[in-house]
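> Read off the chains here:
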Amino acid sequence: MQDAFGLPQSLLVLGGTSEIALATARRLIARRTRTVWLAGRPSAALESAAAELRALGAGVRTVAFDALDPDSHETVLGKVFAEGDIDLVLLAFGVLGDQAHDERAPTAAVRVAQTNYTGAVSAGLVSARALQTQGHGALVVLSSVAGERARRANFIYGSSKAGLDAFAQGLGDALQGTGVHVMVVRPGFVRTRMTAGLPKAPLATTPEEVAAAVELGLRRRSEVVWVPGVLRVVMAALRHAPRGVFRRLPV
Amino acid sequence: MPAETVSVTGWGRTAPSAARLIRPRTYEEAVAAVRDCGVRGGIPRGLGRAYGDAAQNAGGAVWDMTGLDRIHVVDVADGTVLCDAGVSLHRLMEVLLPLGWFVPVTPGTRYVTVGGAIGADIHGKNHHVGGSFARHVLSFELLTADGTIRTVAPGTPLFDATAGGMGLTGVILTATVRLQPVETSLMAVDTERATDLDDLMARLTATDHRHRYSVAWIDLLARGAATGRAVLTRGDHAPLDALPARARSAPLAFRPSRLPPAPAGLPGGLLNRATVGLFNELWYRRAPRARTGELQPLPAFFHPLDGVPHWNRVYGRSGLVQYQFVVGHGHEDTLRRIVDRISAHRCPSFLAVLKRFGEADPGWLSFPRPGWTLALDIPAALPGLGALLDALDEEVAAAGGRVYLAKDSRLRPELLTAMYPRLADFRALRAELDPRGALVSDLARRLAL
Chain D
1 MQDAFGLPQS LLVLGGTSEI ALATARRLIA RRTRTVWLAG RPSAALESAA AELRALGAGV
61 RTVAFDALDP DSHETVLGKV FAEGDIDLVL LAFGVLGDQA HDERAPTAAV RVAQTNYTGA
121 VSAGLVSARA LQTQGHGALV VLSSVAGERA RRANFIYGSS KAGLDAFAQG LGDALQGTGV
181 HVMVVRPGFV RTRMTAGLPK APLATTPEEV AAAVELGLRR RSEVVWVPGV LRVVMAALRH
241 APRGVFRRLP V
Chain U
1 MPAETVSVTG WGRTAPSAAR LIRPRTYEEA VAAVRDCGVR GGIPRGLGRA YGDAAQNAGG
61 AVWDMTGLDR IHVVDVADGT VLCDAGVSLH RLMEVLLPLG WFVPVTPGTR YVTVGGAIGA
121 DIHGKNHHVG GSFARHVLSF ELLTADGTIR TVAPGTPLFD ATAGGMGLTG VILTATVRLQ
181 PVETSLMAVD TERATDLDDL MARLTATDHR HRYSVAWIDL LARGAATGRA VLTRGDHAPL
241 DALPARARSA PLAFRPSRLP PAPAGLPGGL LNRATVGLFN ELWYRRAPRA RTGELQPLPA
301 FFHPLDGVPH WNRVYGRSGL VQYQFVVGHG HEDTLRRIVD RISAHRCPSF LAVLKRFGEA
361 DPGWLSFPRP GWTLALDIPA ALPGLGALLD ALDEEVAAAG GRVYLAKDSR LRPELLTAMY
421 PRLADFRALR AELDPRGALV SDLARRLAL
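First to last, the protein sequences are chains D and U. Just so it is clear: in the first sequence, position 183 is 183 by UniProt numbering, and no numbers are missing. Just so it is clear: in the second sequence, position 134 is 134 by UniProt numbering, and no numbers are missing.
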């Protein structure tokens, strides 16, 4: 069960090698979390992530999960929920893609969309139904500021996150009054493996800061969390900038 | 029976969960509800005054027992009442006071049910002389998980597991309670100020036994030499001859006044260090240094917050956490350290209360034990609150103390066995009585009760 501060005792991470998710898991294990499921494609990285969390004192299990195989989601996630209540589902999988390459290789671009959007739609709906059945829990969806307004530099990734973000907001509204809390997290540029080698963006943040924002959001039962918080204002301005101006901005 | 799925919280309005709310109107309907509870079970709920998740059951059933609200027998000669579990103490006072009887124990609110009073084994300002509520219960009828109704008498394991058992042994349907005779509905109240925590403890230790009711309001925002300054209010039921002549015509009148309810949707942050600090300062200053024999109506003495319906809304969307613990005599150092830490953290807590408990009660999970109990309300949104309370739990557990389950919404489960040594017996009795786990609550899931 979540306590008065929204802290979960059990956690399911979809995208078990995500650095943001693991930073969040470390933070939650330090407080109340004792059971962790890491769902992801079987890999050495997934097992070592599990071992790292185990060392912090949690019972950690891994489960084979592929965002690109929505047909399997019902079965895979159903097994996890059958083992006991899940207080927090952290939907953290996603790929950045390679914009320049993907523009010339539409099938690669589609994979980005399928992972970040349709995979999340499927996993999100399956998780939401299970949470609704148990009558409590939180679904935290890692979106991105890139979804707030598509940019020339990464509109394939951005459009997939825009879809995900809209989906998660709608899901949150649909789950009002069911005891299930849906929280959309919109980080800015996060320094991780995924963004290694990219030019530094302004207002860059870290996985640990995102994790702290998630914990705060759970306590406040926030519906949308920006990391850092000032991005809410910045993006509101950028969103309303005229098209011609926005196109020329160095963002 | 109609059931609607609703979001349910405790009085602290934190951690909501959804459940099918069912309101049995007869014992037969209650039996049917327990028999058909489904895989996620059910939990009885009274008036929802437990602060945390004790009367919530995510994904299962919550049985609203306030539909069973008949008072069956009042024995005016012997001073006992037989009533349904859904009857509130408020209703009992309305009926019993004109007959010259009062409930044996009342907490800080009249809006609790008899069933809830037994389930949480509540205590009041008279614990140092009268013990907890269940000590005055002569018997009750309990609907257990198998759908049978058992009559349970004091001194049996099922009685002691149910008193303080947070509704997890079964659904109390009726109870017979021994009453307290009173001549009037007024209280003769003595008020005095204590300048700091040591002064307060000394005064409570020296003179508590002279009063039936005793409690101290403590200013947890005061710092330095004034840390723990307090206002003691102690009282007894006023005898008839203490009343002025014009009041003697209706000495047992009970007319509690209520203000309009606090509106819904208030923003958080209204109760902050500035507003609560100001309130505490005024509350302390306006209390007389020493006054004896002041006549107060019952509600003013026992239930000041009942005057503002839905006062919990003042804490805004994120709600409040109530923290109440007890540490035994000889652990005054722990109490001092905890008061210092709360004071240093600047918790904006108004109406924090300190009380000296009497003998422990027989319930296996009953909260009171001889020593000092401190209760405080804190806005749940206060930064760092979770970690602070975790640290206080460690201190409490190390001193052999415990926190009160009826108020809890955030205890670390690992500490529970240290705090409640009879927990193993409780779990064993539940496993035998209710093997499929038909009676379960969010509290039970969170703490593995």
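Keep in mind that a hint or two might mislead.
Computed footprint of chain U on chain D, listed as stretches where at least three residues anywhere in the stretch have a Cβ under 8 Å from a Cβ of chain U [claimed, not checked]:
#, region
1, 3–15
2, 164–175
A few chain D residues that don't get close to chain U, going by computed Cβ distances all over 12 Å [as the list claims (entries may be wrong)]:
#, residue
3, 76
4, 84
5, 135
6, 195
Hints listed in this document are in silico derivations from the structure and should not be mistaken for laboratory results. Where a beta carbon is used, it is the ideal one built from N, C-alpha and C, also for glycine.
> Are there hints from earlier that the structure breaks, and if so, what are their numbers?
2, 4, 5
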